[in-house]
Amino acid sequence: MTTIKAYLSSAELEARYKTAVDPIGKSHFHALWLLSCGYEVDEVAELLSFSLRWVRALLKRYNEGGAGALGDQRRRNGTKPTILTPDALAALKERIKTPPDDGGLWTGPKIARWLAKFHGVQAVHDQRGWDALIAIGYSIQQPRPRHPEAASDKDRSALKKSSWPQLRGSSAGIRLRRLKSGRWMNTASV
Numbered sequence: 009m010t011t012i013k014a015y016l017s018s019a020e021l022e023a024r025y026k027t028a029v030d031p032i033g034k035s036h037f038h039a040l041w042l043l044s045c046g047y048e049v050d051e052v053a054e055l056l057s058f059s060l061r062w063v064r065a066l067l068k069r070y071n072e073g074g075a076g077a078l079g080d081q082r083r084r085n086g087t088k089p090t091i092l093t094p095d096a097l098a099a100l101k102e103r104i105k106t107p108p109d110d111g112g113l114w115t116g117p118k119i120a121r122w123l124a125k126f127h128g129v130q131a132v133h134d135q136r137g138w139d140a141l142i143a144i145g146y147s148i149q150q151p152r153p154r155h156p157e158a159a160s161d162k163d164r165s166a167l168k169k170s171s172w173p174q175l176r177g178s179s180a181g182i183r184l185r186r187l188k189s190g191r192w193m194n195t196a197s198v
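Numbering (our numbering), first residue to last: 9 to 198.
Everything labelled a hint here was simulated from the structure, so no lab data went into it. Every clue listed holds true.
Result set (EDC-like, lysine to aspartate or glutamate): computed pairs, CA atoms no more than 20 Å apart in a straight line:
id, residue 1, residue 2
1, LYS68, ASP50
2, LYS68, GLU54
3, LYS105, ASP139
4, LYS34, GLU54
5, LYS125, ASP95
6, LYS118, ASP95
7, LYS34, GLU51
8, LYS105, ASP95
Just need the whole structure built from these sequences, with the hints factored in.
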């Protein structure tokens, strides 16, 4: 039999499982609720498609820290941003008002190199440059490039379909009414 500390009753674990918004926390409370209902670790692992090791780890976390130890702990792991700090983003906002040193447009890799100089580190991954541009709300405002062999406006207008003038009345005996299906169009009756 699995031992669960009585931080929350079985009914409270069930309520937390059913009302959880975070999918990771929801699955954690689900596992503990099943354990509190008398299921064994291997049964819970099979029901929820968890490994035995993970169910045991959840049980240990809950027994040591209570309900606060469950859920996605990656978001609140106590670290602060090291590259995209508020100071770096504020300095970057000022820096992108001028063109980059090599000319051209600001790109993720150029921002990453600038961030590396700003923080005094050897290198910053290019993706952090793109993340920094997104964080300050910057986007490259330029039209999409044209294909080098695209048709000119004159060529495109020459390719456009021109419609025939509509005939109002015809003395040449051209039928102007729409064709209808029915008795007159049935070839079997002829």
